[in-house]
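J.: Protein chains in written order, with this note's numbering: chain A, 2 to 524; chain B, 103 to 325.
What the hints contain is simulated information worked out from the structure, not anything from laboratory work.
One should not assume that every hint holds.
[Unchecked claim] Here are a few chain B residues that face chain A, going by a calculated C-beta distance under 10 Å:
hint: 1; residue: 206
hint: 2; residue: 210
hint: 3; residue: 250
hint: 4; residue: 257
hint: 5; residue: 258
hint: 6; residue: 265
For every residue, glycine included, the Cβ atom is placed at its ideal position computed from N, Cα and C.
One-letter residues, chain by chain:
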Amino acid sequence: MSSDLKRQRLHPFSLPFSFIAHAKGFLIPIALFLLVKNDESSWEIWAALFLIPTMIVETWRYMSLRYWIEDDELIVKQGVIQKTERHVPLARIQTIDSTQNFLERLFGVVEVRVETAGSGDAEAHLKVLSLKARDELRRKVFTGRSEAATAAKAAAGEAGSEPLTAGASAASHEDQRESDFEPLARVSVKELILLGLSPGRGLAILAGLIGIATQFQILSDEDYALLYDWTQTNMASEILMDVAIGLVLLGLVFGLSVMSVFLRLFDFRLDRRGSEFRTQCGLFTRHSTTIPAGRIQFVSIQASPALRIFKKRLIKIRTAGARGKGDGAALTRQWLLPVVAEERVPKLVRSLVPGCDFQGEQQIDWQPLAQGAARRSARKAFVGGLLVCTPAAILWSSWGSSVLPWIAPLFLVLIPLYEWLAARAFGWAHTDFGLVTREGVFGKRMALVPSSRVQTVAVGASPFDRRWRMARLEVDTAGTRIGHRARIPYLERPVAEALAEVLTRNAEASSKNTGPYRRLAAT
Amino acid sequence: MDRDPDPTESGARLPEPLDLFADEPLPSKPADTAPVEASPMPLALEAPPPTEPPTPGGWPEDSQRHPLPDRAVGAHRIANMVFAGPASLVVCAVWVLHSLDIFALGLDDLVVTLIGSVLILFFLWRALHWPAVTHRHRAWRLTPEVLDIWEGVLFRRVISVPRTRVQHTEVASGPIQRSHDLATLSVYTAGEELGEIALHGLEVRTADAIRDSLLNREEDHVV
């Protein structure tokens with residue numbers, strides 16, 4: 002068959018690259034070990050030495066990989082002692098993603114991940130292939146896929162007028178020529194900086210760094226004392242000192258955030274070819290991900306305060322497929338478009354989810370939470386604040402200084418107030434295309450779950466919920482987690498139950514393609 | 103179960119709701135009885151004209167809420183004692199060692215006795231009484247469209263799995279369950295948080311019947 006591919010090996014550079022990849026895993030522990038420098042513990046050195054043979058065996062096993070295409074299947078054989086042979090029907094292959102880190106770009110090789118619809122890791126992780134080999138693999142896979150599809154159709158007796166040339170034209174159509182891709186968006190440097198100006202990410206990184214610094218005592222007590230003395234002698238006014246420190250910290254937080262955004266999302270491009278989207282991004286490591294529109298399970302539209310000011314939005318998606326844990330490619334796949342003008346969002350969402358008639362946030366008939374929701378939410382935060390302040394007050398007062406005037410207003414007033422506002426800001430709606438929720442006071446988030454993507458629905462109630470005749474609805478979807486779930490707290494119980502009922506029925510109906518969808522009637 | 107057809111406070115007008123949380127626990131039955139008569143769906147939403155006649159409601163697909171068999175409580179207790187027993191013995195051993203001054207905790211004798219007895223009481227209560235409590239709140243229901251599972255005592259929950267979302271199922275039995283003729287049915291979907299939903303302590307016959315019923319679907323599974 003034209004799609005057959007003879008036995009292929011990995012590119013020779015795979016050997017050093019694989020070795021480096023394994024060594025990277027040890028770099029951080031080794032670096033930390035050297036930093037700590039404990040004379041008593043030499044057992045770590047011995048442990049490290051034992052790990053080298055493991056690395057060698059792993060690398061040897063990796064180099065034993067062979068792949069080829071035969072009989073409409075991609076076959077990957079690997080292993081020396083424990084041999085595995087994996088057959089992947091071409092029809093099941095959803096995407097072929099490729100990644101290039103800095104070194105790989107230098108040498109013109111690429112990591113390829115072949116993914117299918119099922120859960121779990123990529124079916125085949127080929128590290129590394131030459132660009133030519135990658136293109137050939139893609140071509141053969143997509144030729145084979147369309148041939149199989151044509152053959153299946155012929156067998157089913159449909160559309161008998163599909164000439165043989167259809168296979169050839171399909172092959173050339175699937176050929177990944179750049180000209181086939183219609184560019185949709187490109188994120189500029191300014192927009193990336195805007196994205197970076199969200200304090201959350203920077204704070205997390207800074208907290209991590211401080212944690213490492215204190216854990217491994219990189220700065221000793223004398224260093225801190227010296228720092229303090231220096232500030233005392235060099236700054237006349239103490240208030241100025243505090244302001245300066247505050248600015249430095251703020252700068253650090255935002256700087257780290259912008260840096261991390263740049264590393265991952267530099268030169269973000271979104272292209273489209275038919276019903277497939279392709280994203281490319283990355284500064285040193287360049288990720289290229291294909292996202293068939295039909296694979297999208299969940300759309301998350303977010304806006305930090307900075308983005309809101311400039312009327313931009315951020316779109317993240319959940320797609321079914323590999324559930325990479327910290328896998329670079331999987332982490333990138335969640336991004337559909339990090340920064341986009343808000344006017345463009347409805348049209349994009351409509352093309353992302355076939356059959357979805359999303360006209361924009363304003364057109365949706367948003368429903369609020371139950372009547373006592375805001376009060377309950379604020380009360381819960383207040384009680385939580387009491388639980389924090391009471392031991393803090395007791396502990397700190399015994400040390401002489403009083404921290405209560407500082408933390409009490411925060412935990413007892415500001416946070417409950419924020420929770421109250423957040424509960425008021427929460428909105429949900431059951432539309433013809435599925436469930437939408439929106440939330441957030443300063444930064445906003447919107448979740449969209451098409452009916453056909455609803456997996457499981459759970460309605461739960463804590464003892465407090467039961468007392469107030471409220472319940473919480475959770476909708477489960479497929480795909481890697483993106484930190485945003487479709488859930489509605491503090492719903493009136495009958496509403497939660499009816500909504501769960503409608504969602505599951507529509508989920509069934511959508512897969513059987515029987516209509517009409519039933520809608521939750523609302524005034 | 104009370105039904106509330108009036109408009110709710112927030113203004114959303116609803117069809118007749120189904121009370122998914124029965125406030126009173128179900129009376130437990132000695133065992134799953136023979137096939138129950140099929141009954142129509144208790145919830146009346148505006149139903150579109152059905153495109154195909156509904157599957158005749160034979161057990162287990164009878165849209166009735168079924169509790170777990172009573173002997174599941176006993177099996178659960180035995181399984182718990184496998185851990186609680188040794189744990190209690192360890193506490194006793196520590197107490198004995200402490201009173202014989204072999205192993206000294208830096209605490210008063212009375213305090214150690216108190217803590218030890220509280221711990222043991224807690225282990226025993228958790229192992230022996232709690233299963234009966236959870237049993238009262240566990241149930242399942244299979245309709246032509248959905249599998250519902252009730253669970254939870256303090257934090258109650260009902261999980262609804264549309265049947266076309268079931269990717270695969272698994273019926274498994276531990277040694278204690280086998281001796282009671284019980285099994286655990288696990289239902290897998292493509293979802294993340296609720297990708298695996300388990301019903302522990304079903305009769306083997308029931309678990310197999312539900313599994314067969316779920317797998318009788320011809321349609322492609324939807325992801």
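J.: Would the hint on residue 210 (chain B) be counted as holding, given a Cβ-Cβ threshold of 10 Å to chain A?
T.: violated (24 Å)
J.: With 10 Å as the cut and Cβ atoms as the points, is residue 265 (chain B) at the interface with chain A?
T.: The hint holds - residue 265 (chain B) has a Cβ within 10 Å of chain A, the shortest such distance being about 7 Å.
J.: May I ask you to test the interface hint for residue 250 (chain B) with respect to chain A, counting a Cβ-Cβ separation under 10 Å as satisfied?
T.: holds (9 Å)
J.: Would the hint on residue 258 (chain B) be counted as holding, given a Cβ-Cβ threshold of 10 Å to chain A?
T.: holds (5 Å)
J.: Does the closest beta carbon of chain A sit nearer than 10 Å to the beta carbon of residue 257 (chain B)?
T.: At 5 Å from the nearest chain A Cβ, residue 257 (chain B) passes the 10 Å test, so the hint holds.
J.: Hold the hint about residue 206 (chain B) up to the distance rule: shortest CB distance to chain A must be less than 10 Å.
T.: violated (28 Å)
Hint compliance for this structure: hints 1, 2 are broken, all remaining hints hold.
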